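Keeping the supplied structure of chain F fixed, place chains C and E upon it in accordance with the hints.
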Amino acid sequence: MPGFSLTLGTCLLFVCLIILLPLSGLFWQMSQLGLADYFSIITSDRTLAAFRVTITAAAFATIFNAVFGLLLAYVLVRYSFPGKRLLDALVDLPFALPTAVAGIALVALYDKNGWVGVLLEAANLKVAYTWWGIALAMMFTSVPFGVRTVQPVLESLQPDTEEAARTLGARDWQVFRHIVFPQVWPSFITGASLAFARSLGEFGAVIFIAGNMPFKTEIASLLIMIRLEEYDYPAASAIAGTILLIALAVLVAANIAQARATRHLHKGSA
Amino acid sequence: MSLQIREISKYYGSNLVLDAVSLDFKPGEFIALLGPSGSGKTTLLRTIAGLQFAEGGSLLFDGEDITGLDARKRRFGMVFQNYALFEHMTVADNVAFGLKVRDRKSRPSSGEIAKRVENLLEMAQISHLADRYPGQLSGGQRQRVALTRALAIEPRLLLLDEPFSALDARVRKDLRASLRSLQRQVGVGAILVTHDQEEAFELADRIAVMADGRIEQFDTPANLLKNPSSPFVAEFLEGSEAYNHSGAGI
Amino acid sequence: MTVSTSRPAITNPKVLALFRKQARKRALLIAIAITFALIVMALPVIAIFTRAFAEGLAIYWSNIIMPETLHAIWLTVLTALIVLPINLAFGIAASWAIVHYRFPGRRALQTIIELPFSISPIVAGLCYLLIYGSMGLVGSWLDGFDIQLMFNLTGIVLVSLFVTCPFVARELIPLMEIAGQDQEEAALTLGATGWQTFLHVTLPKIKWALLYGAILANARVIGEFGAVSVVSGNIRGETMTLPLQVQLLYDDYNATGAFAAATVLTVIAVITLVLRSAIEARHPHGH
Chain F
241 MPGFSLTLGT CLLFVCLIIL LPLSGLFWQM SQLGLADYFS IITSDRTLAA FRVTITAAAF
301 ATIFNAVFGL LLAYVLVRYS FPGKRLLDAL VDLPFALPTA VAGIALVALY DKNGWVGVLL
361 EAANLKVAYT WWGIALAMMF TSVPFGVRTV QPVLESLQPD TEEAARTLGA RDWQVFRHIV
421 FPQVWPSFIT GASLAFARSL GEFGAVIFIA GNMPFKTEIA SLLIMIRLEE YDYPAASAIA
481 GTILLIALAV LVAANIAQAR ATRHLHKGSA
Chain C
1416 MSLQIREISK YYGSNLVLDA VSLDFKPGEF IALLGPSGSG KTTLLRTIAG LQFAEGGSLL
1476 FDGEDITGLD ARKRRFGMVF QNYALFEHMT VADNVAFGLK VRDRKSRPSS GEIAKRVENL
1536 LEMAQISHLA DRYPGQLSGG QRQRVALTRA LAIEPRLLLL DEPFSALDAR VRKDLRASLR
1596 SLQRQVGVGA ILVTHDQEEA FELADRIAVM ADGRIEQFDT PANLLKNPSS PFVAEFLEGS
1656 EAYNHSGAGI
Chain E
4 MTVSTSRPAI TNPKVLALFR KQARKRALLI AIAITFALIV MALPVIAIFT RAFAEGLAIY
64 WSNIIMPETL HAIWLTVLTA LIVLPINLAF GIAASWAIVH YRFPGRRALQ TIIELPFSIS
124 PIVAGLCYLL IYGSMGLVGS WLDGFDIQLM FNLTGIVLVS LFVTCPFVAR ELIPLMEIAG
184 QDQEEAALTL GATGWQTFLH VTLPKIKWAL LYGAILANAR VIGEFGAVSV VSGNIRGETM
244 TLPLQVQLLY DDYNATGAFA AATVLTVIAV ITLVLRSAIE ARHPHGH
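Protein chains in written order, with the working numbering: chain F, 241 to 510; chain C, 1416 to 1665; chain E, 4 to 290.
Since the hints were derived computationally from the structure, they do not count as laboratory data. These figures come from a predicted structure and were not determined experimentally. There's no promise every hint is true.
[Stated by the list, open to error] Examples of chain E residues lying across from chain F (beta carbon under 10 angstroms, computed):
| hint | residue |
| --- | --- |
| 1 | K28 |
| 2 | A30 |
| 3 | I33 |
| 4 | P88 |
| 5 | I89 |
| 6 | A100 |
| 7 | P119 |
| 8 | L133 |
| 9 | G139 |
| 10 | L247 |
| 11 | S280 |
Cβ atoms here follow ideal geometry from the backbone N, Cα and C, with glycine treated the same way.
Chain F on its own, in the form it takes in the complex (with noise of 0.2 angstroms):
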């Protein structure tokens, strides 16, 4: 095949100058940080805040969305109905929707006058400018992740399995239970985890609805905003690491997850 020099070559510098290098300048400033620095700048009592912010709601995100993007991915596998091929381009929205319009969206819905804020107001509930809107933003961008990795999972289960469990006695949360999750399992986690990794660093789709109030309702990618608004370089770079860090972590637990859940399948079946 011709062609190696040039589609290699390009692709080299692309990468290089695109991704690693820019890459690398966050590492080096970090490394530019003492140990010390950077701890101090890592526990201070607002980046403590921002982290436990951003880390809880990011993680409720999560949670709720992995349970329903199972259900969506589930109905859309399973079920024919009219609307389900509208409902399966929707799912793709918030990932078509830039961030900023999911952001004035959700506050204009959840605000005091808005549609849900009216509702919610009545009941006594604040979502807009508490935690409660910062995890509600992150679940909105993070939807698609929870579906795409379990629908074709669930697509390519055979049926007999299931047929040969409810032979067996099983009812169909048993079914369920029992047959089909564990087979979406890895998918199922790999989804979780890149859920919890986009809300992790969402920005666009959170700050409006945030209230953003130091302490409270600051979530770090705002932080690391405002510090280089402040031309505080090396207290950024000490959050953002931090972020990419946990991020990368979660990812890696998840793929070395994925694999032990894997591992008996596969293996040499008939």
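The following block gives chains C and E in isolation, referenced to the frame of chain F:
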């Protein structure tokens, strides 16, 4: 424990695939549904299992109408063509499944389940495979696990959908004998779907020859050969006569 | 050979009762899924349009043709026009190299190309400032030649390239791997040059996947907010892309203007989804 099939008719779209099929089984009997592919035998078996429902007719089990009974309540053990083993569970967990999913009232204790699984595995001579996963088993071993799993629920009837079709000839012979002896030992009636005449003649007490969604003839192997009711049956069984005369019968 | 007649309805009451029970379960699950999708995903889109048109069509239109908003639209389109061709070229080159050759670091290269998906946009933007900013390693050196990369169109283009670089390659690689290289080899033995082989043999095979990747990358370029926000410098009427303009208007208490600008982005998003499912329906490639 006997099954009666009354005028079962089943359609796929507008195609009639079972045409008012009626059959009576005696308790403990081993029946083969024999016919070419597309004759409706698997559809009939799946209807008996409660995995499909017929447009017309009814199923009676010990006099009870089970036509609309959920598959999970029929307690008919079924062995699927590709065994449908639960790949993410060990052999022991596969066999224990039917006991573990029972309602709290009728579920044996976990110790009792383990004991029963152990006995079943021993009876099927696969105790040494208890902790393996299905992916690590040979075809013949997989089939034995599927059969043991079906027997674990103390089935009222055993349904076998082409259980030998995925195996090579040598293993097939071995497993036939052990299937028959296990079935006798447990004393449960069995319905075997097959397109292989040799298999049907070796295993079954009576054979229902099917074609185009109808029962052409239902009789003992000997009678089928002696008095075929139609030219189709005679032609279809031509090969088996030679086999039977060679003395390789049951 | 089956007899064809009209199919009678099931009449057995117990079977019907069982079917009804199953239908109820199914209806419940479908209802939950649709409710969730409507509240979480459809409602926000409806809200955008309602708010944008809340003060009438005339106000909406005047918001769209505001010079700043028009400039933002132009800048966004310009960015996409620059980023997409580079992105396609990179995606094709990367897939060609990864599929057709075995070289050390091939797996690592694949992982690196996917990396931008797991990096938060703000972190990406920060990385660019640290390297290409005037205080950065490369940026300070370029400063000596009076070249500035950040806080202008170049910066916006660079981060857009970063966030979208996986889209094309991840569509092409699996497709090209399945298709193999027999046809390319045949063309080469018939005397075609490498370029001719690519144009006449490979390109026709991958054109739908290419389009698919390009559509998704385009949506991301147009909508990118966090990364662009860091490197654009947020200069009014100059380096504001449309998503940044949405934020600016919103923070200026011109909510209607912000929602009007948002409708433009939403329409692009909806077109993206329609094209996406049209391609998917015609050329399913099983993700």
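Right, here's what the structure says about each hint:
no.: 1; hint: K28; in the structure: holds (7 angstroms)
no.: 2; hint: A30; in the structure: holds (9 angstroms)
no.: 3; hint: I33; in the structure: holds (5 angstroms)
no.: 4; hint: P88; in the structure: violated (13 angstroms)
no.: 5; hint: I89; in the structure: holds (8 angstroms)
no.: 6; hint: A100; in the structure: holds (4 angstroms)
no.: 7; hint: P119; in the structure: holds (7 angstroms)
no.: 8; hint: L133; in the structure: holds (4 angstroms)
no.: 9; hint: G139; in the structure: holds (6 angstroms)
no.: 10; hint: L247; in the structure: holds (8 angstroms)
no.: 11; hint: S280; in the structure: holds (5 angstroms)
Violated hint: 4 only; the structure is consistent with all others.
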